[in-house]
Amino acid sequence: MKNPLNRRLPRELKADLPKYLIIFLFFVMTISAVSGFLISDNSLRKANDEAFTELKVEDGNYEFTERSSPEDMEAIEQEGGIRIYENFYKEEPVQSLENSTFRVFGQRTEIDLVDVWEGSLPAADNELGIDRLFAKNHGLKVGSTIKFADKEFTISGIVALSDYSCLFQNPSDMMFDNDKFGVGVLSASGFEALRDDHIHYSYSYFCSTRPADDTAAKDAAEKLIGTLSAHGNVERFIPAFSNQAIQFAPNDMKGDSMGIVIFLYVIIIILAFVFSITISNTITKEAGTIGTLRASGYTRGEILRHYMILPMLTLTAGAVVGNLLGYTLLNDIFAAAYLNSYSLTTYEVVFTPDAFIKTTLIPFVLMFLINLIMLVSKLRLSPLRFLRRDLKRKSRKKAFKLNTKIPIMIRFRLRVIFQNLPNYIMIFFGVLFAEFMIMFSLIFQPMLDTFQENTTDNLLAACQYVLKAPVPTQTEGAEAYTTSSLQTIKAETGIKEEDVTIYGIGKDSKYVKVSSGKGKVDISTAYHKKYGVDTGDTIKLKDQYSGKTYELTVGGYYEYPAIIAVFMDQEDLNALIGCDEGYFNAYFSNNTIEDIEEKYIATRITETELTKVSRQLVRSMGSMMIIFTVFGTIIFVLVIYLLAKIIIEKNTQSISMTKILGYNDGEINSLYIHSTTIVTVLSLIICLIIGDRTLAIVMFEVFKGYSGWFEYSLAPSVIFKVLGLGIVTYLAVVLLLSRKVKHIPLDEALKNVE
Amino acid sequence: MFLEINGIKKSFGEGESRVEVLKGIDAQIEKGEFCVLLGPSGSGKSTLLNIIGGIDSADEGYISINGEKTKDMNEKALTLYRRKHLGYIFQMYNLIPNLNIKENIEVGAYLSDSPLNVDELLKALGLYEHRHKLPNQLSGGQQQRTAIGRAVIKNPDILLCDEPTGALDYKTSKEILAIISDLNKKYGSTVVMVTHNDAIKNMADRVIKLRDGVIRKNYINDTKLTAEELDW
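Listed in order, the protein sequences are those of chains A and B. Each residue of the first sequence is one higher than the one before, starting from 1 at the first, in my numbering. Each residue of the second sequence is one higher than the one before, starting from 1 at the first, in my numbering.
The hints are simulated quantities; they were obtained by calculation from the structure and are not laboratory data. Treat the hints with caution; some may be incorrect.
Here are the simulated EDC-like cross-link-like pairs (lysine to aspartate or glutamate), alpha carbons at most 20 Å apart as the crow flies [stated by the list, open to error]:
id : chain 1 : residue 1 : chain 2 : residue 2
1  : A       : 2         : B       : 119
2  : A       : 223       : A       : 235
3  : A       : 392       : B       : 14
4  : A       : 141       : A       : 98
5  : B       : 31        : B       : 157
6  : A       : 542       : A       : 235
7  : B       : 84        : A       : 302
8  : A       : 151       : A       : 112
9  : B       : 9         : B       : 56
10 : A       : 599       : A       : 150
11 : A       : 358       : A       : 252
12 : A       : 742       : A       : 665
13 : A       : 392       : B       : 56
14 : A       : 2         : B       : 113
15 : B       : 84        : B       : 56
16 : B       : 133       : A       : 235
17 : A       : 147       : A       : 192
18 : B       : 186       : B       : 205
19 : A       : 510       : A       : 479
20 : A       : 285       : A       : 16
21 : B       : 76        : A       : 12
Stretch by stretch, here's where chain B covers chain A in the computed footprint (C-beta under 8 Å, at least three residues) [as the list claims (entries may be wrong)]:
id : segment
22 : 6-18
23 : 289-295
DEER-style ranges, computed between Cβ atoms [claimed, not checked]:
id : chain 1 : residue 1 : chain 2 : residue 2 : range
24 : B       : 71        : A       : 357       : 42 to 52 Å
25 : A       : 405       : B       : 71        : 49 to 59 Å
26 : A       : 17        : B       : 137       : 56 to 66 Å
27 : A       : 259       : B       : 137       : 45 to 55 Å
28 : B       : 42        : A       : 285       : 27 to 37 Å
29 : A       : 694       : B       : 77        : 26 to 36 Å
For each residue, glycine too, the CB sits at the ideal point set by N, CA and C.
Between the sequences and the hints, there should be enough to build the whole structure, so can you do that?
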């Protein structure tokens with residue numbers, strides 16, 4: 001005979017359909033989103049991992065000022081234990097697009113191969129294979145034309161360069177920029193025919209013996225720097241493990257994957273607690289029946305299974321539908337989100353057990369365990385206790401005293417709050433999670449605006465021209481300075497090494513006022529905030545290539561909020577790097593410098609360069625943030641509605657009795673709903689403070705891994721939006737709850753009274 | 001002897017607030033006997049019933065049913081014991097609100113390997129016409145009849161009734177008592193009924209009167225009345 005208790009299940013489902021439907025839909029939404037995300041993430045990461053072998057991604061690259069002779073190359077190969085390939089590129093402003101730079105490589109046949117998405121690799125001199133993302137961002141297609149270095153090229157193929165899954169222009173860039181920076185390939189002869197004004201002698205290499213792990217790779221890289229320095233002037237050296245253009249995308253996808261899975265588990269845990277509170281409430285309501293069943297011989301297991309079935313079925317149904325949607329519809333949407341940010345190679349959708357385990361099995365176990373623990377602890381009581389409806393585990397204590405001077409309505413509310421403490425604690429945690437999500441989604445735009453504003457307001461000059469040689473200019477207002485690049489030391493800072501721009505500023509500079517005198521340096525405010533360095537401290541920096549270290553004493557701060565930089569006397573810097581007193585290698589200028597040949601200009605640093613991080617963050621995270629806002633709001637409504645509804649249901653008889661006594665709906669609402677209002681509003685405020693402090697820590701931890709500095713701030717507009725959104729959505733919940741209170745019949749108080 | 005109650009002692013609370021509810025109860029009940037435990041509130045009759053039913057434990061003494069001592073049973077064995085041998089009826093009907101009358105009785109049938117026929121029992125209880133209704137569509141008496149059906153359907157060896165008519169009016173109480181008496185005769189179940197209604201003793205085979213935790217009287221009723229003949 002089938003357990004007749006099972007026949008209750010469809011009826012219970014029907015009776016409480018809105019609750020189960022809301023939770024089911026929420027499971028579907030969350031699981032479909034996460035499974036869709038994981039499928040796309042796994043597929044793209046697998047393709048990216050495979051590209052390392054199939055497309056022969058380098059173990060590292062370096063750039064010399066001059067081209068190496070075959071003899072030097074052979075010597076480096078032998079001494080460094082590497083196999084070198086010329087991988088020269090030329091970098092030119094795009095004449096057909098505003099403010100864009102294009103880096104073009106020659107034909108690649110042995111290393112860092114090119115993956116073709118559409119069309120074909122260039123064959124003729126005027127054909128170009130262009131990075132898919134850059135092309136997309138500028139509406140370029142196969143057959144379109146693009147002009148740089150005074151030549152027009154026809155796009156023959158939309159491609160992905162295997163060593164540029166993320167379009168970082170410089171290794172020291174805080175963020176990639178696939179809008180203003182693009183890469184592509186020409187045919188061998190096409191590359192040869194392009195002017196050499198901005199040629200970079202870049203070499204990519206494979207290690208003869210691939211390092212076993214990151215530590216071995218780092219050791220090998222440090223050894224290699226010495227070898228390279230002995231055979232040429234090293235402009236740049238990036239082993240693959242620290243190459244943002246190669247590593248950023250897979251690392252980001254891995255991090256996203258972890259983040260979204262944690263997000264799923266938090267939601268499952270919240271919903272599991274919502275269920276457990278619901279079940280606990282039902283058990284309290286049905287205590288007499290449970291006692292009778294237990295007294296009649298029903299085992300604890302049978303009762304437990306009975307109460308577990310519906311939550312587990314709801315989750316299972318949600319997981320089935322969610323996974324189906326995730327596998328079929330949403331994986332393409334998430335893949336598109338990644339493909340909008342990263343220049344990934346072509347991929348095939350793969351279904352891995354990993355996604356199923358994370359989206360279905362683990363949530364199932366979490367839900368099962370949380371409800372099981374709650375039910376076991378609840379059902380541990382003897383049948384007699386159930387029959388007596390004495391479900392408090394500890395012996396019943398006297399009602400705590402409340403000062404009788406407190407008005408009765410307030411005392412009543414306080415008692416409602418204390419009576420329903422578990423529900424209110426869960427409301428608090430629900431609000432905390434939801435508010436954190438909403439805050440997280442809302443802080444970015446104002447933070448980016450502030451960042452952009454600060455950067456623009458604190459530009460050193462309209463343009464900084466970094467030169468390859470000290471060439472004079474007649475441009476009005478141009479001011480020479482010396483610049484160099486050193487690195488922080490991880491052992492000193494605890495944060496991974498990053499480039500520090502050192503500015504040697506001339507006396508009476510019109511552009512930068514260094515407050516520290518000779519022998520001391522000013523550090524940028526970004527440096528001060530990121531590394532906690534104060535005036536009087538000594539900072540230790542190293543030359544990446546020679547390994548030489550420098551100690552500088554901090555004498556003041558310079559307002560430069562985004563870049564890790566040091567400002568010092570020009571003569572001091574020249575002396576520090578072993579140059580003549582009058583040496584310079586850069587200009588500040590508010591006017592365009594036109595009298596220096598392009599071949600002498602290494603880099604132009606403009607507002608566009610400095611604000612690309614905020615542009616890219618908006619592009620990459622904008623749509624994601626909307627999803628977070630929506631999810632956060634839904635969780636907020638869901639948790640508060642379900643738990644507040646339980647409170648009303650638990651107090652149905654009391655509410656009915658107060659109606660009989662003559663209380664009107666408004667007064668009853670003020671007793672039972674306003675208690676929830678007090679808790680919700682207090683939770684909103686407390687959670688805002690907790691969220692702010694948590695986000696400050698999270699953001700610091702996240703952004704300290706990036707080059708440069710991005711300061712966390714909570715804009716007043718965000719506080720108003722978060723509280724406003726919370727209060728408005730809560731008012732909607734109040735309306736629903738008021739309806740529920742209104743519909744409680746008067747005779748409810750007379751029913752089942754023992 | 002089918003049901004032996006040996007030296008049962010039970011107290012609640014500790015220290016000064018300790019109350020000895022049962023002070024050493026000894027009694028024997030024959031198989032198929034209709035036994036009434038009579039006594040005022042606080043006499044310990046419900047506690048004794050709960051100890052017999054294995055949902056409460058004695059501080060001292062033991063209950064033996066067909067030679068099996070319940071105090072030697074662990075919780076699992078006690079549950080099995082209740083499942084196989086006992087039927088419980090309480091003052092509150094404790095029916096499952098979203099199961100209909102027939103299903104509520106089937107909840108009891110599920111526990112037995114050889115339950116009685118549900119439809120026959122429904123007819124015997126006068127509930128057959130109401131079998132598809134939910135408990136809240138029935139009167140208190142009908143709901144108590146359903147609770148009796150749920151307890152009896154598994155054909156238990158012992159039917160434990162804790163104030164089964166406590167929430168019912170005079171007429172319905174007599175109907176319920178008649179049903180329990182009929183079932184006792186028809187199926188031969190041993191009935192142990194707790195009541196504070198003195199009149200009910202007249203329909204019992206054995207009467208055990210309790211006061212302040214001790215048995216004041218334990219006798220066989222030779223002038224047994226039917227439920228219809230009772231008056232109070």
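Structure-based check of each hint:
1. A:2 <-> B:119: Holds. Residue 2 of chain A to residue 119 of chain B sits at ~17 Å (cutoff 20 Å).
2. A:223 <-> A:235: holds, 17 Å
3. A:392 <-> B:14: holds, 19 Å
4. A:141 <-> A:98: Roughly 18 Å between the alpha carbons, so the hint for residue 141 of chain A and residue 98 of chain A holds.
5. B:31 <-> B:157: Judged against 20 Å, a Cα distance of about 8 Å means the pair holds.
6. A:542 <-> A:235: holds, 15 Å
7. B:84 <-> A:302: holds, 15 Å
8. A:151 <-> A:112: violated, 25 Å
9. B:9 <-> B:56: holds, 12 Å
10. A:599 <-> A:150: This hinted pair holds, its Cα atoms lying about 15 Å apart.
11. A:358 <-> A:252: Answer holds: residue 358 of chain A to residue 252 of chain A is near 19 Å, not above 20 Å.
12. A:742 <-> A:665: holds, 6 Å
13. A:392 <-> B:56: holds, 17 Å
14. A:2 <-> B:113: With Cα atoms ~12 Å apart, residue 2 of chain A and residue 113 of chain B stay inside 20 Å; holds.
15. B:84 <-> B:56: Since the Cα atoms of residue 84 of chain B and residue 56 of chain B sit roughly 18 Å apart, the hinted pair holds (cutoff 20 Å).
16. B:133 <-> A:235: violated, 88 Å
17. A:147 <-> A:192: holds, 17 Å
18. B:186 <-> B:205: Roughly 15 Å separates the two Cα atoms, so the pair holds.
19. A:510 <-> A:479: holds, 8 Å
20. A:285 <-> A:16: holds, 15 Å
21. B:76 <-> A:12: violated, 29 Å
22. 6-18: Since three or more residues must qualify, the claim that chain B covers the segment 6-18 of chain A holds, with 5 doing so at under 8 Å.
23. 289-295: It holds: at least three residues are needed, and the segment 289-295 of chain A offers 6 whose Cβ sits within less than 8 Å of chain B.
24. B:71 <-> A:357: 42 to 52 Å: Given about 48 Å between the Cβ atoms, the range holds.
25. A:405 <-> B:71: 49 to 59 Å: Holds - the Cβ-Cβ distance for residue 405 of chain A and residue 71 of chain B, about 54 Å, lies within 49 to 59 Å.
26. A:17 <-> B:137: 56 to 66 Å: Roughly 22 Å apart at Cβ, these two residues miss the hinted range, so it is violated.
27. A:259 <-> B:137: 45 to 55 Å: This hint holds: roughly 53 Å between Cβ atoms.
28. B:42 <-> A:285: 27 to 37 Å: For residue 285 of chain A against residue 42 of chain B, whose Cβ atoms are near 29 Å apart, the range 27 to 37 Å holds.
29. A:694 <-> B:77: 26 to 36 Å: violated, 52 Å
Violated hints, listed in ascending order, are 8, 16, 21, 26 and 29; each of the other numbered hints is respected by the structure.
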